[in-house]
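The listed protein sequences derive, respectively, from chains B and C. Last residue of the first sequence? That's 231 in numbering that gives the first Met the number 0, and every number before it is there in order. Last residue of the second sequence? That's 261 in numbering that gives the first Met the number 0, and every number before it is there in order.
Bear in mind the hints are in silico, worked out from the structure with no lab data behind them. Among the clues, some could well be false.
[To be verified] Label pairs and their in silico Cβ distance ranges:
| no. | chain 1 | residue 1 | chain 2 | residue 2 | range |
| --- | --- | --- | --- | --- | --- |
| 1 | B | Met2 | C | Leu36 | 46 to 52 Å |
| 2 | B | Met2 | C | Ile230 | 54 to 60 Å |
| 3 | B | Ser226 | C | Ser249 | 45 to 51 Å |
| 4 | C | Leu36 | B | Glu175 | 40 to 46 Å |
| 5 | C | Gly39 | B | Thr31 | 30 to 36 Å |
| 6 | C | Pro142 | B | Arg28 | 31 to 37 Å |
| 7 | C | Trp42 | B | Arg71 | 23 to 29 Å |
| 8 | C | Ser249 | B | Pro92 | 46 to 52 Å |
| 9 | B | Ser136 | C | Ser249 | 53 to 59 Å |
| 10 | C | Ser89 | B | Lys170 | 36 to 42 Å |
[Said to hold, decoys possible] Under the rule of at most 27 Å between Cα atoms (straight-line distance), these lysine-lysine pairs were calculated in the DSSO-like manner:
| no. | chain 1 | residue 1 | chain 2 | residue 2 |
| --- | --- | --- | --- | --- |
| 11 | B | Lys170 | B | Lys208 |
| 12 | C | Lys31 | C | Lys174 |
| 13 | B | Lys208 | B | Lys172 |
| 14 | C | Lys19 | C | Lys174 |
| 15 | C | Lys31 | B | Lys126 |
| 16 | C | Lys31 | B | Lys105 |
| 17 | C | Lys19 | B | Lys113 |
| 18 | C | Lys252 | B | Lys133 |
| 19 | B | Lys105 | C | Lys19 |
| 20 | C | Lys252 | B | Lys113 |
| 21 | C | Lys31 | B | Lys6 |
| 22 | B | Lys172 | B | Lys198 |
| 23 | C | Lys31 | B | Lys11 |
| 24 | B | Lys170 | B | Lys133 |
| 25 | B | Lys34 | C | Lys252 |
| 26 | B | Lys11 | B | Lys178 |
Cβ coordinates follow ideal geometry from the N, Cα and C atoms, glycine included.
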Amino acid sequence: MVMNSIKIDNAKIDYVTLRKGKSFLFNRRIHTAIKSISLEIKEGETVAVLGHNGAGKTTLLNFMAGKIRPSRGSAEIMGNVIHLAGVNPGFDPNISSRENVLWLSKVYGVDPNKTLQEVEEFSDLGKSFDRPVKELSGGMKGRVGFGFATSLDPSILLIDEVLGVGDPSFKAKATERLKMMIESSGIVVISTHSVGLVKELATRTIVLKEGVIVHDGDVQEGLEIYSSMHNQ
Amino acid sequence: MKISADSRFSGEPFGWRQFKIGFSIGARNLVKPTSILRLGVIWVILDPLILAAIYSFLFSITGRSSTAGSIVLGVMTLRAFNSAFKNGYSMNLSNEPFPLKHTSTMIFLTSVISNELLTALMIGISGSSVLVIIYDAPVMLLPTMAILCCSLSLLGVGLGIILCPYVSRIGDIGKLLGYVLFLSFFLQPCLYEFNSTSGTHRAVLSYIPFTHAVEYLRSLTYGTEYPFEPIFAFSVLSVWAFFSLIGYLSADKERWRATSWS
């Protein structure tokens with residue numbers, strides 16, 4: 000059996016934008032989100048990725064999720080990756096939460112009945128669970144989406160700042176559920192600004208600045224570098 | 000970049016898994032837009048039928064009623080190609096339909112192809128049924144038209160994918176292509192037979208795959224002679240199939256590029 004792992008070697012990620020310029024022709028602008036990153040994450044590690052907005056955290060997680068290909072360098076991602084970058088797993092707004100969960104379970108390859116039971120119980124929507132998703136409030140949709148996302152069974156879990164769902168009591172319930180998911184996943188990479196969450200969960204920190212890793216290792220040291228970046 | 004095999008549907012062969020997910024997404028995407036309508040998926044058949052009926056009516060009142068069946072053939076067959084081509088070039092290559100997990104290009108393409116093939120199948124079967132029932136066309140038209148519509152649809156998606164990166168970066172091209180398709184409806188032998196054309200128009204049409212497909216169906220329906228040599232028809236279709244294949248093969252590269260190009 001292949002061990003779960005993430006290996007990135009000298010990756011560079013550019014975003015190319017074509018915009019209409021003063022002339023008829025389009026101007027090509029290149030923004031380098033990741034300048035050069037090499038890292039290796041092994042089974043059992045919970046890595047917190049820290050950095051200011053625009054430092055390259057989201058790009059790095061999208062890259063690890065296989066959603067972006069690098070302009071240079073390579074990556075080897077071994078494992079079943081789930082990327083929590085929001086709480087919409089791909090809902091069809093015209094059908095009910097129940098029908099959505101059954102359909103999405105097939106797409107994500109999980110047991111539909113077990114997932115349905117779990118999501119229905121967790122979201123606690125009562126009869127609204129059978130209403131079309133487009134009729135639900137943002138918070139209600141978030142409950143179903145979060146319930147579904149956290150009922151998947153990843154071996155590599157990538158989390159991109161995803162804890163703003165529902166009222167305070169639901170938020171506590173959601174945090175608890177996410178922690179359980181983190182504990183059962185082989186590798187966890189969290190992009191966050193929450194120092195508390197990093198202290199509680201991370202076994203390693205990566206601090207990014209302008210697309211480059213400025214720290215990779217000890218959690219406390221990483222947090223100090225991150226807070227000193229705030230003071231600059 | 001290397002990503003390990005998708006663990007979804009473990010225990011089944013990898014290719015079959017990808018096909019299964021892609022096909023179910025494609026079939027669902029076909030039904031989805033019509034799910035809020037009373038007649039649901041029947042609209043996939045009704046749309047081209049109504050269009051064909053309108054053109055049949057228009058031509059019958061202008062004194063060309065004998066071509067009504069021929070127009071149904073033309074409109075339905077062209078619809079199979081144009082719909083696939085349009086969906087091919089207007090595809091959002093960077094789309095991740097299920098954001099919690101990367102959707103591989105294989106699944107992505109399978110879903111698009113399944114969607115278009117199912118649409119073409121419906122168009123082919125509904126169009127040929129009308130011709131068999133109303134115009135006494137031979138029953139062989141049913142499978143033949145379905146197969147030809149599906150083939151044109153496959154060709155259309157591949158050719159559309161070649162243009163897709165340009166359309167997504169420069170929206171103006173998409174608009175222009177819309178007009179080209181509109182014009183092609185009148186320039187291609189859709190509302191009239193190939194034999195009624197002449198000169199350069201006729202020469203150009205003989206290199207268009209739609210002409211070969213629709214004229215073969217007309218020859219089958221009315222028992223007339225197919226206006227092309229089989230070897231010529233095969234060569235023309237092979238060249239277009241080659242370009243279409245290039246489109247399919249470039250889809251992965253273009254899809255990746257689309258994730259960081261805008």
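These are the hints, each one checked on the structure:
no.: 1; hint: B:Met2 <-> C:Leu36: 46 to 52 Å; verdict: holds, 50 Å
no.: 2; hint: B:Met2 <-> C:Ile230: 54 to 60 Å; verdict: holds, 57 Å
no.: 3; hint: B:Ser226 <-> C:Ser249: 45 to 51 Å; verdict: holds, 47 Å
no.: 4; hint: C:Leu36 <-> B:Glu175: 40 to 46 Å; verdict: holds, 43 Å
no.: 5; hint: C:Gly39 <-> B:Thr31: 30 to 36 Å; verdict: violated, 48 Å
no.: 6; hint: C:Pro142 <-> B:Arg28: 31 to 37 Å; verdict: violated, 53 Å
no.: 7; hint: C:Trp42 <-> B:Arg71: 23 to 29 Å; verdict: violated, 48 Å
no.: 8; hint: C:Ser249 <-> B:Pro92: 46 to 52 Å; verdict: violated, 33 Å
no.: 9; hint: B:Ser136 <-> C:Ser249: 53 to 59 Å; verdict: violated, 43 Å
no.: 10; hint: C:Ser89 <-> B:Lys170: 36 to 42 Å; verdict: holds, 40 Å
no.: 11; hint: B:Lys170 <-> B:Lys208; verdict: violated, 30 Å
no.: 12; hint: C:Lys31 <-> C:Lys174; verdict: holds, 25 Å
no.: 13; hint: B:Lys208 <-> B:Lys172; verdict: violated, 33 Å
no.: 14; hint: C:Lys19 <-> C:Lys174; verdict: violated, 34 Å
no.: 15; hint: C:Lys31 <-> B:Lys126; verdict: holds, 24 Å
no.: 16; hint: C:Lys31 <-> B:Lys105; verdict: holds, 17 Å
no.: 17; hint: C:Lys19 <-> B:Lys113; verdict: holds, 21 Å
no.: 18; hint: C:Lys252 <-> B:Lys133; verdict: violated, 35 Å
no.: 19; hint: B:Lys105 <-> C:Lys19; verdict: holds, 10 Å
no.: 20; hint: C:Lys252 <-> B:Lys113; verdict: violated, 37 Å
no.: 21; hint: C:Lys31 <-> B:Lys6; verdict: violated, 39 Å
no.: 22; hint: B:Lys172 <-> B:Lys198; verdict: holds, 20 Å
no.: 23; hint: C:Lys31 <-> B:Lys11; verdict: violated, 39 Å
no.: 24; hint: B:Lys170 <-> B:Lys133; verdict: holds, 22 Å
no.: 25; hint: B:Lys34 <-> C:Lys252; verdict: holds, 22 Å
no.: 26; hint: B:Lys11 <-> B:Lys178; verdict: violated, 32 Å
Figure legend: structure checked against the earlier numbered hints; hints not met, in rising order: 5, 6, 7, 8, 9, 11, 13, 14, 18, 20, 21, 23 and 26.
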